[in-house]
Amino acid sequence: MPQPSVEQVWEWLDAVPDPEIPVISVVDLGIVREVEWQDDMLVVSVTPTYSGCPATSVISMDIETALRDHGVDKIKLQTRIAPAWTTDWLSEKGRARLEEYGIAPPQAAGGPEKCPHCGSKAVEKVSQFGSTPCKAHWRCKDCLEPFDYFKCI
Amino acid sequence: MTRDEAFFQFLLRMGDNTLILGHRVSEWCGHAPVLEEDIALANTALDLIGQTQMWLGLAGEVQGEGKSADDLAFLRDVWDFRNALLCEMPNGDFGQTIMRQFLFDAWHSIMLGRLMTSSDERVAAIAAKASKEVAYHLERSGDTVVGLGDGTDESHQRMQDALDYLYPYVGELFASDDVDAEMAAAGIAPDPSGLREEYDALVGRVLDEATLTLPKSRFAHKGGRTGQMHTEHLGHLLTQMQWLQRAYPGASW
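Line by line, the protein sequences give chains Z and F. Reminder that position 25 of the first sequence reads as 25 in UniProt numbering, one-by-one numbering, no gaps. Reminder that position 90 of the second sequence reads as 90 in UniProt numbering, one-by-one numbering, no gaps.
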């Protein structure tokens with residue numbers, strides 16, 4: 001098999017869903033930092049979101065499985081902790097999909113811009129922490145629905 | 001003591017603090033007063049244990065005996081732990097847990113801020129990652145100390161009792177020894193005594209708002225971070241945290 005291009009690999013990785021939030025890919029999440037060929041070895045550098053996030057090892061396994069399915073055998077996954085992951089690396093596509101899915105995307109202001117269900121701006125924080133390390137728990141004062149907010153870090 | 005020996009001790013202190021406190025906080029999982037607090041405590045514990053993997057992973061590397069973070073966490077006994085005593089103190093009631101968290105978070109955030117400019121780039125990278133998480137911990141524990149301290153008569157009293165009980169364990173965080181002197185000389189970590197002023201200002205501001213009174217005595221229990229003498233509580237914690245490796249040595253997934 002001819003060596004697939006780096007662009008092709010990025011495209012494949014963009015089809016690997018985040019295990020906790022399957023509407024976005026690991027590329028949308030911004031945790032795949034670099035893809036390169038070192039001779040016949042494909043090296044993928046991954047930056048974890050939160051240090052204790054249990055999804056991290058699942059993500060590495062999913063990336064490896066996807067690449068093997070595309071016929072890449074020699075793979076090296078590297079964990080890169082610096083620079084630290086930031087929500088600035090979320091893609092625009094990822095942000096839009098989060099919102100459609102009912103998770104308010106991160107905002108520099110530190111809280112959600114609006115309720116992802118009804119669009120109301122009357123929202124309040126319930127807790128700094130939510131269902132996964134990367135989310136906080138908010139609620140809408142108009143439609144009264146609770147929702148997750150993707151924390152801005 | 002060589003520089004690497006001091007560096008190893010320093011990394012154990014950082015990693016054992018987060019490991020032991022992370023385990024303590026995880027003891028609340030499924031028991032917190034309300035669901036939101038349960039989730040918040042579990043997430044805090046998760047962050048701390050994640051940070052432990054980085055600190056103890058690097059400690060194993062620096063030690064150079066081929067030990068992993070898991071080896072260091074699960075195959076050492078009480079006398080080898082280097083966490084500050086504050087981290088091993090029992091959870092008590094919810095207020096005591098939150099007060100312990102706040103007293104630790106305040107120190108942790110200041111310490112990590114300094115470590116971000118460490119001369120060792122691995123330390124700087126871990127600190128940069130951890131400090132983002134700890135900023136969140138501090139925001140939450142500080143807010144909760146204010147909410148409960150300036151709350152009902154009962155919550156106020158419980159928070160004051162927790163502060164009186166835990167404050168004698170704060171001084172150890174700022175006690176310097178040869179390890180710290182070596183780390184400061186190498187530019188790897190700050191001398192902890194130099195963090196006290198900033199800490200007192202931060203803690204004082206929050207406690208004022210919480211209408212709580214700082215104990216007058218600066219008496220400090222010591223012995224955790226040097227390993228000289230832990231409290232009786234650490235041994236009990238380890239029997240639970242390490243029981244699997246003790247019952248089935250070498251067990252793995």
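Don't read these hints as lab results, they were simulated from the structure. Bear in mind the structure is a predicted one, so any value in this text is a computation, not a measurement. Glycine residues also receive a C-beta, built at the ideal position from the N, C-alpha and C atoms. It is possible that some hints are incorrect.
Between beta-carbon pairs, the in silico distance windows are [to be verified]:
1) Arg3/F with Lys121/Z: 53 to 59 Å
2) Gly147/F with Pro22/Z: 32 to 38 Å
3) Asp69/Z with Trp243/F: 36 to 42 Å
4) Thr79/Z with Met1/F: 28 to 34 Å
5) Leu35/F with Glu34/Z: 36 to 42 Å
6) His117/Z with Leu35/F: 44 to 50 Å
Derived lysine-lysine pairs resembling DSS-like cross-links, with alpha carbons at most 25 Å apart [as the list claims (entries may be wrong)]:
7) Lys93/Z with Lys114/Z
8) Lys222/F with Lys76/Z
9) Lys125/Z with Lys67/F
A short, non-exhaustive set of chain Z residues, derived as facing chain F with CB atoms under 7 Å [to be verified]:
10) Ser51
11) Ile75
12) Leu77
13) Ile81
14) Ala82
15) Thr87
16) Gly119
17) Ser120
18) Ala122
19) Phe129
20) Pro133
Hint check:
no.: 1; hint: Arg3/F with Lys121/Z: 53 to 59 Å; verdict: 55 Å, holds
no.: 2; hint: Gly147/F with Pro22/Z: 32 to 38 Å; verdict: 36 Å, holds
no.: 3; hint: Asp69/Z with Trp243/F: 36 to 42 Å; verdict: 40 Å, holds
no.: 4; hint: Thr79/Z with Met1/F: 28 to 34 Å; verdict: 31 Å, holds
no.: 5; hint: Leu35/F with Glu34/Z: 36 to 42 Å; verdict: 40 Å, holds
no.: 6; hint: His117/Z with Leu35/F: 44 to 50 Å; verdict: 20 Å, violated
no.: 7; hint: Lys93/Z with Lys114/Z; verdict: 18 Å, holds
no.: 8; hint: Lys222/F with Lys76/Z; verdict: 45 Å, violated
no.: 9; hint: Lys125/Z with Lys67/F; verdict: 43 Å, violated
no.: 10; hint: Ser51; verdict: 3 Å, holds
no.: 11; hint: Ile75; verdict: 21 Å, violated
no.: 12; hint: Leu77; verdict: 16 Å, violated
no.: 13; hint: Ile81; verdict: 5 Å, holds
no.: 14; hint: Ala82; verdict: 4 Å, holds
no.: 15; hint: Thr87; verdict: 10 Å, violated
no.: 16; hint: Gly119; verdict: 24 Å, violated
no.: 17; hint: Ser120; verdict: 21 Å, violated
no.: 18; hint: Ala122; verdict: 20 Å, violated
no.: 19; hint: Phe129; verdict: 4 Å, holds
no.: 20; hint: Pro133; verdict: 5 Å, holds
The structure is inconsistent with the numbered hints 6, 8, 9, 11, 12, 15, 16, 17, 18, although it conforms to all the rest.
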